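For chain A, the structure is supplied; the task is to place chains S and L on it using the hints.
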Amino acid sequence: MAASHRLRVIRRRLLQAVPVLVLATFVVFGLLKLMPGDIAITLAGENATEQRIAEIRALYGLDRPFLVQYGSWLANAVQGDLSKSLATGEKVATSIARAFPNTLLIVVLAMSVALAIGVPLGMLAASRPDGARDRIVTSVASLGIAVPNFWLAMLLVAWLALGTGWFPATGAKPLAEGLGPALHHAILPALALAAGGVAEVSRQLRSSLVEILSSPPVRTLRAKGLSPAAILWKHGLKNAGVNLLTVTTLLFNRLLAATVVVEAVFAIPGMGNLIVNAALTRDLPVVQGVVFVMVLVVITINLTADLLYTVLDPRIK
Amino acid sequence: MVNRFFAFLRRDLRAAVSLAFLLALCVLALCAPLIAPYPVTAQDVDNTLAAPSAAHLLGTDDLGRDVFSRMVHGGAATLYASSLAVGIGLLLGLPVGLLAGYSGGWLDDGISRFIDALLSFPSIVLAIAVTGALGIGLTNGMIAVGIVFSPQIARLVRARALVVRQELYVDAARCFGASTARILWRHVLPNTVQPVIVQVTLLLAAALLAEASLSFLGLGIQPPQPSWGSMLARAYQNMELAPEQMYAPGLAILLTALAFNTLGESLRVALDPTTKR
Amino acid sequence: MSDATDLHDAPLPAVGLSRRHLMALAGAMGLPGLASAQGTPAKGGVLKVSASANPSSLDPATGGAGSDHTFLWTMFDTLVEWDYETLKAKPGMAAFNFPDPRTLVLDIKPGITFHDGTPMDAAAVKFNLDRGRTDQRSNIKADLQNVAEVVVTGPLQATIKLARPDTALPAILSDRAGMMVSPKAVQALGQEHDRKPVGAGPWKFVSWSANEKVVVTRADKYWRADRGFVDGIEFSIIPELATGLRAVVAGQNDFAYNVPPRLMPLIDKAKNLTKVTGPTLYCLQLYFNTAKKGLDNLKVRQAINFALDRPGFVKASLAGVGEPAYMQLPKTHWAYDPTLVGLYPHNIEKAKALLAEAGYKDGIELTVGSYTDQDSVRRSEIVGEQLRKAGIRLKFITGTIPEISGQMFGNEKKFDMLLSAWTGRPDPSMTYSLMYSKDAYFNAGRTDHGAKMAELLAESRVAERIEGRKLIFWQLQRLIMEQALVAPLAFQYELVAAGQQVKGYKPNLLGKPKYEFISKA
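Chains as they are written, first to last, in my numbering: chain A, 1 to 317; chain S, 1 to 277; chain L, 1 to 521.
Next comes chain A alone, as it looks inside the complex (with noise of 0.2 Å):
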């Protein structure tokens, strides 16, 4: 029964999953322990003495041993507690609830406007193999993917922003405040991120769409006199859905990652900032914590796309 095969699948992939979660967390603490100097010197602040320093250390159990640090980080994360920030005291599961809607807005919105453009300019190029409209659509897709996204962000905020007013150039609003502010917050972040997006889902979608329509049984339509919109409709995109779904999923996860630099162009209070701003002061819970988040987000992504696959066509398992 396809239902109970889907729970396999499931829990076959969470299985899975936790070798994972330990793996890349605990890597992840291994380097940072690799590296030099430790959160102690900066609590100590100004008038830091020697032993003040020491104190610090025996404070927070930044003296005791690796993998007892470690050990203990896992355990309490299992029970769902990830634990406060050595630097602010703020609970990480608090920096992280906040920061995460911002950089998902962002994410969600770039990934919509690559599909919203992406899509078309494939079926576009599609239409008409090697003619001048698929050249120019691979064309801007390679400029796309080739594009520095922070550049891009630059070019924006001196475009848009800073000349015209007509979008902030700094921060973000949460969607609490209300949808309009945050999107408006929020678009040049994700226009930003979005061309990369576009340029890879165009390329996908054109190359998938190309080798489904010259395949025999949609040559068989063709020579019934289906007209290629109809085909291209019905039976290249539904198709090509497959393909769409990973390109979907692999944006999404690269997004995720991509968001950081951007980020920092715009100073949003996001998952990357916080995670560069933890690493760099080595504020060792909070890079756990959002390790440990990041790698369940893309987990449960690739188990949703696996689990959609199966539905949208049954012949894969």
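None of these hints come from the bench; they were simulated from the model.
Since the structure is predicted, the reported quantities are computational estimates derived from the model, not experimental observations.
Fair warning: there could be bad hints in the mix.
Unchecked claim - Taking CB as the label site, the calculated pair distances span: (1) L:Gly190 - A:Gly180: 38 to 44 Å; (2) A:Val108 - S:Tyr80: 35 to 41 Å; (3) S:Val17 - L:Ala250: 39 to 45 Å; (4) S:Ile35 - A:Gly131: 39 to 45 Å; (5) S:Leu255 - A:Gly180: 34 to 40 Å; (6) L:Pro265 - A:Val78: 52 to 58 Å.
What the hints assert, rightly or not - Stretch-level coverage of chain S by chain L, calculated; a stretch enters the list once three of its residues show a Cβ under 8 Å from a Cβ in chain L: (7) 129-138; (8) 222-233.
We put the beta carbon where it would ideally sit given N, CA and C, even for glycine.
Frame of chain A, contents of chains S and L only:
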């Protein structure tokens, strides 16, 4: 071989142009000390943020240094950075991928889990952690990027190795007592070359962008040496005062990445005859 | 106590005007926004500030960053305050006096309550000072090290008994150690008090989203009618300084401090902004590890001081919004010594000669730690170029602040020098003991600078009258500069950009903004 290569170039104009561009860039980079009219650190505090002129082809930056000279030297640094990152990625990813794909079983499982873990969390954190452990600098930053790339290469190579492993001639070689290492070297590796070459050109572009991002965050090249990414970071600082400072380095990165990508795409099509264009 | 002489009328070389003249000129040039209105300004409005750093903690005793004070002063009044222009100590929540060198008596003003309604009295003062001295999370133990005991000698009188004389104590009580928190709140909240502070200042705490926002609102009952006019303050935390300014230019915020001077043209260009500058104690300097080879040689250190072009640095790095630093105190400070100005004029030949005498006739290579933010990078490039001309080749190693400072002052001792800044302390004796006592953390080489240094450091805490202390500081500074134990570069002036609706802001010499006189029209 050489004839085929030139035939390929003649057929694909875009690939030819890209290659020419990249070669010109390499020459520029290698001859940087000869071409750059000023030393990269020569400051002229009375002439900051100047517009392009005969004395300064691309104007001056916020400390009065010649932008053109910094662009040329920066190009050298950037190309070095890309090559290093991809080199490290290959060095780490190739053997791991080969081993995983060829061995199968629990070794493959273990390695694949590890690769999944590395792929699933934000690469920038890995880069920060590695540069933190090794120290900030262009070389260390690119080693970090190389480590980030290695799972992708490993995955690609593993997939090919899995296929090749089934081939009859490999079985035959095994029967004849060839060691694993020899089989990997003589039979499996050559068959992974084509997709790897394509991936390498694409990764060169990605490394370029990664270097720019790291330098933008202050984690790449050390001052006062220039790289295109660090020049962009400086331009961001001065965005209101002199927005035109961001065009030169940004365009340079864009065009170079574009050239790598175009070359890669063309190679992919040329090397794999079954790909429908 | 007789006051210091009129040092604050001494001319400022960067601008050629005395500070009094500067402020008057600001008015005449049509920068009316920041002059106070006649009489008491109207209350109202919420001030939106672009803040440059996240607080390390909102509890004064457990935090450590110099950037915290601007947040802390909104919620915590201090026992002792200072004159904005010279930093001379004067009564705050308490009047203070020394009946004898080992006793400091605090007479607390009546009618002050904490934001939770509990009284600010002698018992509260004792609680706070004991906490500062003994709590395991207290970062201010070193400040109060000379305090032996705090005794409640009256409902509004606390007497501090000192183990050793410490005339720096009133100034110390104008800083973290003097910020009084509500004992009841600390006892109830424990560690959470870091994030939910309760003080007795003009505003009370509302919320703190880490790395995003700190919000305070008018306290229900504040003891002074002539301070605290805005209804509330919202700090948006924007570490990227250019971005913080951008938010003010765009009208999203009203006030940005710590604006890098090279961005001043932007403030001028934006027609709806006013700017305020003023000297501060923020001293950009090269810290030396005097135990390392090369820097252990006096001539090398002197060569570095001669090779630096301080006025050139002010021009290149600070766009003229600053003053050259010839010692670790700026011109307007009450302990400034004008005779030290000519000690190290910019002289490349002399620098090269000294290096040759020290055995480095082909120059010397030194490693310097520095930070990754763009302004630090810029400074390192300027200094590197200046010193290169004298044959001093600098190799910069950048990293983040915790990393690099840890490597300089901690056990690794990785660099010869550190290019950074000293944010300044309310009392100069704090600066000198934190940098030059033998076991001080910021004495990177842990070098013993000799009996004379130790003697002067001790005396600076003993001498009572300000005239006497001034002379001791003059001797200290001369010793430090003649031994070239540091290479001060320049004092960065405070640069504030504010919207025109913001009135009444007064910069202070400590360089950490206070908002008590601001009103928003």
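Consistency of the hints with the structure:
At about 41 Å, the beta-carbon gap between L:Gly190 and A:Gly180 stays in the expected band of 38 to 44 Å. The given range of 35 to 41 Å is respected by A:Val108 and S:Tyr80, whose C-beta atoms sit roughly 38 Å from each other. Range check, S:Val17 to L:Ala250: about 42 Å between beta-carbon atoms, so the 39 to 45 Å window is met. In this structure the hint that S:Ile35 and A:Gly131 lie 39 to 45 Å apart at CB holds, the actual value being about 42 Å.
Separation of S:Leu255 from A:Gly180 is about 38 Å and conforms to the stated range, judged on CB atoms against 34 to 40 Å. With their beta carbons about 55 Å apart, L:Pro265 and A:Val78 fall inside the hinted range of 52 to 58 Å. Check result for the segment 129-138 of chain S against chain L: holds, 3 residues qualifying (beta carbon to beta carbon below 8 Å, three or more required). Proximity of the segment 222-233 of chain S to chain L, defined as three or more residues with a beta carbon under 8 Å from a beta carbon of that chain, is established by the 4 residues found.
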